[in-house]
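Chains as they are written, first to last, in the working numbering: chain A, 1 to 396; chain B, 397 to 702.
Keep in mind that the hints were calculated from the coordinates and are not lab data. Just so you know, even glycine gets a beta-carbon here, dropped at the ideal spot from N, CA and C. Be a bit skeptical, because a hint or two may be false.
Sample of chain A residues facing chain B (criterion: CB under 7 Å; computed from the structure) [to be verified]:
1) Ile296
2) Met299
3) Gly301
4) Glu339
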Amino acid sequence: MKEPKITRIIVDEKVADQDLVKRYKRNNPKAEVIEIALTDEIKESMFKQEPTPAKRDILLTEKQGHTVKQCPGTDRTYRCCNYHVINQTSNCPIDCTYCILQFYLNNPVTTVYANTEKLLTEVKDKIATQSKRFFRVGTGELSDSLAFDSSSEYSRDVVEYFADLPNVLLELKTKSNKIENLLELDHQGHTVISWSVNPQVIIDAEEHKAASLDERLKAMVLVQAAGYKIGFHFDPLLYHEGWEKNYPDLIRLLFEVVDPKNVAWISIGSLRFPPEMKDKVLEKFPKSKIMFAELIRGMDGKMRYPKPLRLDMYKTVYNALREYGGENLFIYFCMESAEIWERTMGWSPESNEHLDHLFATSLYRQFPGLMQSEPQRIDYDNGIPLHHEKADIPGF
Amino acid sequence: MKISVKELTTVGPAIHSSFTPLPFKREMDRGSGLIKPILAYQTSSCIKIVGNTHVFLAAQAAGKPTVPAYLIEASESTLELLELIIEYYHPMSLMDKALLTRAALDLGVPRPTLAEKILPLLDVAPREKLIDQILFLLKLPPELQVFILEKDLSLKRALIFQRAENHLDWVTRFIENLRIGINMTAEIIQNIWEMAERDDTDFKSKAQELELWEMADTVFEDNRIAVMEIRKKINAARYPTLTQAGEDLASELASAELPPNVKVKWDPQFEQQGLDISFHAKNEDELEAVLEKLSSNKFKDLFKKI
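Extracted from the complex, chain B is given alone in its bound form (with noise of 0.2 Å):
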């Protein structure tokens, strides 16, 4: 591979490439305070601009007459030219990694050799089913391509949001309605879509079994307590047992009617047997009456549950 640095004329050469759509959030480049020069490939017939197209638009839009580039003068193959485009957008984002890889299939790139080849340089591993999970965030829409992107999503994370194909606006809405992070959207969609598939149902109509569906479109004065309330009705469709376990546990505390000053507490998911119990007692009289509460065979009974 021959490559030259030149001045290009912002006349001559075709801008028509697979490649176009690349980076996929260009302001970024512009933090750096340095434009790198494009990069240009020589054919027989045409120049065409395979990096950072952009620079080369708004330099043709600005009047300039030439622009720096990169000019390969000859490449091997269509792969040698796609690794050194992977290199000049090095580091690239996941959707930059996806915009290349539809560009490897629009020239002509067989499945195998993508992923055989092309996916470990985009740090993905050589699994032909990749291919078609990185193509998915592309129908994504760009609300949330761009989340994926500000929240530097790793591929397996992104995929996320295949659970809710058919649901990515109310997704979308989601989101920005209750202002959630990543983690939570994933729980959240996770959750619905594994008891939808527990219950044979639908997304949607578990979603709104649960009182969530709305939630996108309700207007919260503060997202926490709305967060607290998701939490809340997903685990009690998710660990019913538990749920109710929790619930037995907390009515028979109360039905021991142990003084205010003890505290007790246990593990939520009931795996660490009994319970933990603390307590202030100013003298010797208050401590007398926590000791005798806590010898009643009502608290007694408690570790029966736990």
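For reference, chain A alone in the conformation it holds in the complex (with noise of 0.2 Å):
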């Protein structure tokens, strides 16, 4: 995969003595720094230019508010699994066609958040007002969670904070293979590097500056050496011809290079989007043809594939996950409905309570030692979100 190119550090001088601030300039000697007083009408400015493929300005700058938020997730018609999430960078430049991020970030800039103690200082002190509950944080919502780490070593910071956290797992989620930084850090089994996943012929048409399969593979296993656990995503699976093929063949080859006993979760999630997004999609990605597969609107208004091929896909990847993957590995669909997961797995979380106490229970005997006791339902039924506003876009 290759390196995003940083031409502009933008630097909010609140920030200009961070940890982060510094790595940056370091890391890319050749981008042009520039020191400001950052105001909003400074920010609407940056935000309101075209994008452009050859440009890439980093904002560096401190967050204000709160920093851990629950996932976005969707509507109480589908179940959602409590996650939470930091959005430390917002932007991403794998420049996935079908990546919401492409419908809420379509700018050239790249914040940043550099005040790295605050942020993470909030998350110890949230997550330890509800000791009895274990979390599942991540960086990856706004942005792939390594593909800037080259730049801000980013993961060193997160990875060894959540090593002294008791009752969180942190993970980064990613489509690169920039593991280097992972690979000296003493962890802690407290991080899950998660991979999303998709057949190479999808890679090659979708995922246009994501490291290649063969790359991912080559960085879990690596990674798996180092002591990680892995996590899989088969979000978004997509329609296309011979997918009832390459998914099982995706899945094999997943398998000879990661035990299952190593991987936290996976989830399976199908191409969906706000219909709004589509003629974006059609516009900045011509080639692509994953807007003409046949999508209808959903009960949460988003598009998706029609539930009848959901189901098959879904069953075909779930199968085959079994298969090569055996009976342990804890499966779960983002954003589907309980009918769903009853048609596929056989049953289905009661809400989204429960998938979360279900996570937690996984975890404790997958992974002995994790946690100190074993997680009790009632404290996920009776547990509040770290907080209740959901992740915010910056620029809007």
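Make the complex out of the two chains shown on their own, each in a separate frame, by following the hints.
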């Protein structure tokens, strides 16, 4: 995977002395560096610029307000898993055709919150308030968790910070192979490195600047050897000619290099997007065909494949996962209805809180020593989000 | 800028200007009962008519010696003149916006300036690539240009014709023959185009494959039946899984042999789980007959499908 080229680093003077800023400068010696007193007006004008492929600005600034938020998920029609996100970086250089960020963050500025200590202290303080729950927190909601890691080395900060926190797993979700910074870290088993995966034919057509499947597989081997837990996200599954064979083949390849015992979780989800996104995708990626598939408006208003097709795809992937990865894998659906769970897996979580508890129970059983005691359902049913506000989209 | 109201002689002023084609649909002026003065611009060598040229020509043809005019005696820039003309024609139709964009380019306004300064005055986003999209409207056959005007289409809606750029005559015949509105037109064009892209074929081949091509020239006694037929053809090709699922369910429902007084409906998109069942029983016997059929395994098996 090619390194995203950073052409300009704009530093808000409030964070000029932060380590993260120094690293961005050091690791991008050719980038123009501008230090400014950032105002709302300046920020607005930066976000209004037309995005161009050749230009990538990094804005290093200070996060105000809350850092940890609930995953935006979807409405209660579909099951969600009570995941939490830290949006330290907003914008992604990988440019996947189907990504919602194309719609929300279609500007040339990548915002990075550089006041790391404040961000992480907030996480620590918040999860401490519900010490009986076991949380999952990820950084890959508004960006790829590792795409900028060669510049930011942010993984060093977060992985070692989370290593000492007793009731949380950090998830770094990526389509990259930028794992060099991870290999020597003392993670204490508190970090899951997870990959969004698709067959190479989809990577070629739709995941334009992502690592190839082969590069990702090699990265998985190294990360597994370094003792990390692994996650897989078959999300989005994309309908394409040959999908019935390509997805099982992909799963076979994954389990040739990853031991199922090290897999913390696997998600399955299919293409979904707000209807307004279709024109943007057609405009930006005229060669992509994913928008021409059989798509209907789901009950949450998002475009999806029709249920009979989704079920067909889910059953194929689920059965292959069980065949190659075994019966102990923790497999869940992202933003799908109870009916889909039942028709694919034969059961469904009773509620989002129940699903959250099932995650914890699975982790407790699979990774002895990760938790001090067995998770109790009541702690999840009575749990409250770390912050009620859902993840925000900067620039809007 | 200095503007005065004058009676211009119809003998003297030169009429040639880039704005001669404006407004696109001149008969629209007649409805108001009042004809506003023409707009004229004093250059160093002559007077140019820049607004309602057709009124000036009509006065000339009728032998009227003068015509009332707003005369722009001085203008600082082409942009200022354009702004005034936009104001003069306010509210502008989409076709007039296209004509004005063409005129601005003819006058040498650079594209970035046109995008940044003029497009917002036309209620169009200040993006350069929208200039080409607006100009595309001027390539349309006159019938489609009138269609855009009569249906008061937005730019985005009118650009649906780009999808069938090489077959605009067919589109014109199709609309006229089937007497369909813009929503149906857009739905048909978009679907043919998407399926052509999906299957790596061209627009015409896909329309022919769907048996829609010849419908532009087929006589229909009732265009509503034709529209239903079009929808059916498009849905079958566009949503093969859903179509098959619907047919399978209907077939299984038929084999359950429910009494005719039982109506069964389902979400045609299959998102909502289950069936809507309604019936009217006029006595206990009918009720029991219905319940017996609804309790059969054949009927219950339907729930595995939706």
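Evaluated hints:
1. Ile296: Because about 5 Å separates Ile296 of chain A from the closest Cβ in chain B, which is inside the 7 Å limit, the hint holds.
2. Met299: holds, 5 Å
3. Gly301: For Gly301 of chain A, the interface hint is violated, since the closest Cβ of chain B sits about 11 Å away, which is over 7 Å.
4. Glu339: With a closest approach of 5 Å, the Glu339 of chain A hint holds.
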